[in-house]
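The primary structure of each chain is shown beneath.
There are 2 protein chains.
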Amino acid sequence: MQVLSATNPAEGKPGLVLAKLQPENMETPLNVLNTWVVPNELFYIRNHFPYPNIDLSTWSLTVGGQVNRQLTLNYEQLKTMPQVSKHFTFECAGNKRSFVEPPVSGEQYGIGAVGNAKWTGVPLSYILDQAGINAGVKELVFTGADSGQRPDMAGDFNYQRSLPFTKELLSECLLALQMNDQPLPFKHGAPVRLVVPGWYAMANVKWLTGISASFEPFKGPFQAVDYVYLEREDAYQNALPVTEMKVNSVITWPSKGEVLKSGVYTIKGLAWTGKGRIAKVSVSTDDGTNWADAMLTSPEHLQYTWTFWQYTWTVNSSGHYSIMVKAQDSNGNQQPRISPWNAKGYGNNMMHQVPVTIPGTPVLH
Amino acid sequence: MQVLSATNPAEGKPGLVLAKLQPENMETPLNVLNTWVVPNELFYIRNHFPYPNIDLSTWSLTVGGQVNRQLTLNYEQLKTMPQVSKHFTFECAGNKRSFVEPPVSGEQYGIGAVGNAKWTGVPLSYILDQAGINAGVKELVFTGADSGQRPDMAGDFNYQRSLPFTKELLSECLLALQMNDQPLPFKHGAPVRLVVPGWYAMANVKWLTGISASFEPFKGPFQAVDYVYLEREDAYQNALPVTEMKVNSVITWPSKGEVLKSGVYTIKGLAWTGKGRIAKVSVSTDDGTNWADAMLTSPEHLQYTWTFWQYTWTVNSSGHYSIMVKAQDSNGNQQPRISPWNAKGYGNNMMHQVPVTIPGTPVLH
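Which chain is which? The protein sequence lines are A and B, in order.
Residue numbers for the first sequence, in our numbering: 1 to 365.
Residue numbers for the second sequence, in our numbering: 1 to 365.
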């Protein structure tokens with residue numbers, strides 16, 4: 001017997017969905033996943049510059065600025081420090097940007113610039129304690145090795161982001177050396193990546209080379225120009241910073257435009273939020289007129305991680321159906337049907353909507 | 001020196017873009033390709049049913065119906081017959097369906113349900129000559145091994161399509177055993193696939209098991225219900241069959257929503273048509289007000305294959321730009337700005353449009 005089958009790994013299979021080639025930006029094909037953590041090779045990728053060149057034998061992480069003692073740490077030293085493992089869901093601030101109306105520029109992500117993984121590394125607070133942060137420090141500035149030009153101003157820039165110096169936030173951050181029990185992949189920031197739970201993922205600086213304690217608010221372009229909510233394209237005077245993830249959810253099955261028979265189906269998806277936990281997920285199959293509770297089905301339902309949900313749908317009549325989902329978190333935050341427009345398309349947590357059709361029997365002539 | 005880099009093949013990379021998991025339907029990430037033929041593992045995939053089970057040791061192709069001599073051919077016999085190689089571009093009739101307004105159900109393909117490959121196999125006419133087609137035959141019906149239920153009618157169906165019995169068309173068809181000099185991949189129809197140059201790719205029946213000559217027009221559901229242009233959902237009395245590919249083109253760079261600096265860029269893309277050759281490709285960078293000729297740059301510019309085109313764009317001012325492309329073929333067919341709507345979203349050859357932004361320098365406060 002010589003059986004032909006579709007299981008040959010060299011045959012076409014779903015992969016990352018390219019939003020832009022240079023720098024490389026790709027989203028996860030969420031509709032093929034049913035694992036609580038996304039495999040590293042299918043985890044979405046967001047870059048601001050081309051991949052940097054890093055020689056691990058000369059690479060170091062400098063902790064400086066307003067500190068008692070400047071530190072210069074190499075990879076071997078970081079590996080010998082205490083390690084902690086935590087599951088965190090990352091979401092790009094530009095996730096769901098392709099649904100923004102009127103459309104905005106930037107990577108046109110659908111629903112897949114989000115992923116859950118196990119991150120292992122040195123607690124940031126451990127390293128800050130070693131350096132000793134001076135009294136009066138307001139922010140920590142994190143510098144990545146990736147650099148290049150921007151379309152909107154002259155000069156070369158490294159990717160740099162700051163965090164407010166608040167014990168509560170910083171006590172949860174990691175300098176991650178591993179992702180899903182494997183060495184951190186280079187495309188995800190090896191040798192070490194800052195991981196900030198609950199924030200949109202622009203905070204998770206990759207290829208980290210520097211941490212600097214500062215008395216002043218950081219004004220770099222990835223802090224003050226990008227990753228701000230703008231009511232109009234030039235309305236920087238009212239700009240609000242992009243920080244924590246908003247409560248959000250997606251439908252992973254069915255896909256948009258599916259044509260199905262009458263029957264009983266399990267609608268499936270994911271929900272997550274920045275602070276707190278997912279408290280409730282509701283599903284509508286009639287374009288938002290009626291809502292019913294979905295069941296939360298994650299193997300583990302931890303803070304800072306997404307949860308699976310599912311809903312049993314019995315459909316007996318032909319027609320067009322609009323399936324929608326909305327989530328609510330333990331702080332009472334709810335998804336809006338349509339998010340307020342902002343010029344850079346950040347933080348779009350509008351309800352995900354999937355039209356499907358149950359056709360009638362065609363009458364031919 | 002211990003260099004970290006993004007070239008590790010286990011790291012995330014662009015792959016096929018999933019439209020639907022069951023049956024598997026995926027499109028090509030056209031924006032990563034710069035090869036005249038699409039590699040087999042990135043060639044788009046369109047299925048109507050789950051993958052069939054095929055045991056090559058018992059598989060055969062039957063040629064019957066209104067013939068002088070019924071044939072039953074096994075794979076070894078097909079391999080010993082005369083082989084011909086031709087380059088053909090395939091396009092799914094549902095390509096660009098996701099751009100249809102108002103939206104329609106079906107796989108929501110973007111621009112990537114199209115691909116060019118080298119197909120090698122037995123000329124269909126060679127096999128028809130062996131069988132001897134009876135006088136008065138109107139159509140040939142091709143049956144694939146893939147089968148299952150439909151959402152709109154009871155019963156089990158194989159995928160079946162017919163072609164008009166016209167010498168001109170049939171003389172160009174192949175029964176393909178190879179794709180790009182490799183054995184035909186299973187997901188693309190191994191052991192043998194019908195290849196019909198110039199037609200939308202629903203004609204290219206995969207996993208071929210039968211060819212039947214008929215005096216009557218074939219009325220199977222993939223002929224009479226699907227793959228027809230419908231003015232309204234139920235307007236089967238005026239249905240026109242989907243046959244040859246319409247002239248079409250896409251922009252492969254830049255991507256939608258790119259943010260660029262002022263400068264000189266090469267806009268790139270592809271153009272193809274069913275009958276004839278691509279005669280002209282025009283590009284607009286101002287939303288269709290002004291048009292300029294693009295350069296056709298394919299290494300080979302053959303009938304039934306796509307051609308590369310490119311256009312040099314110099315942009316000095318900040319602003320929003322809408323890049324558009326339109327192609328014209330040697331029969332004088334031109335792409336419309338918007339294709340006439342049809343209920344199943346077939347044959348959408350509307351002009352592809354890519355908005356990009358050249359930002360000004362932000363004024364911070």
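Keep in mind the hints are simulated off the structure, nothing from the lab.
Among the clues, some could well be false.
It does not matter which identical chain is used: a pair holds within one copy or between any two.
[Said to hold, decoys possible] Below, in silico cross-link-like pairs of lysine-lysine (DSSO-like), each with a Cα-Cα straight-line distance of 30 Å or less:
{"hint": "1", "residue 1": "Lys280", "residue 2": "Lys86"}
{"hint": "2", "residue 1": "Lys268", "residue 2": "Lys13"}
{"hint": "3", "residue 1": "Lys261", "residue 2": "Lys79"}
{"hint": "4", "residue 1": "Lys79", "residue 2": "Lys280"}
{"hint": "5", "residue 1": "Lys13", "residue 2": "Lys167"}
{"hint": "6", "residue 1": "Lys261", "residue 2": "Lys280"}
{"hint": "7", "residue 1": "Lys13", "residue 2": "Lys79"}
{"hint": "8", "residue 1": "Lys268", "residue 2": "Lys138"}
{"hint": "9", "residue 1": "Lys261", "residue 2": "Lys219"}
{"hint": "10", "residue 1": "Lys261", "residue 2": "Lys118"}
{"hint": "11", "residue 1": "Lys13", "residue 2": "Lys118"}
{"hint": "12", "residue 1": "Lys268", "residue 2": "Lys79"}
{"hint": "13", "residue 1": "Lys280", "residue 2": "Lys13"}
{"hint": "14", "residue 1": "Lys13", "residue 2": "Lys138"}
Remember, predicted model here, so these are calculated numbers, not experimental data.
Go through the numbered hints given earlier and state which of them the structure violates, listing their numbers in rising order. 3, 4, 5, 8, 10, 12, 13, 14
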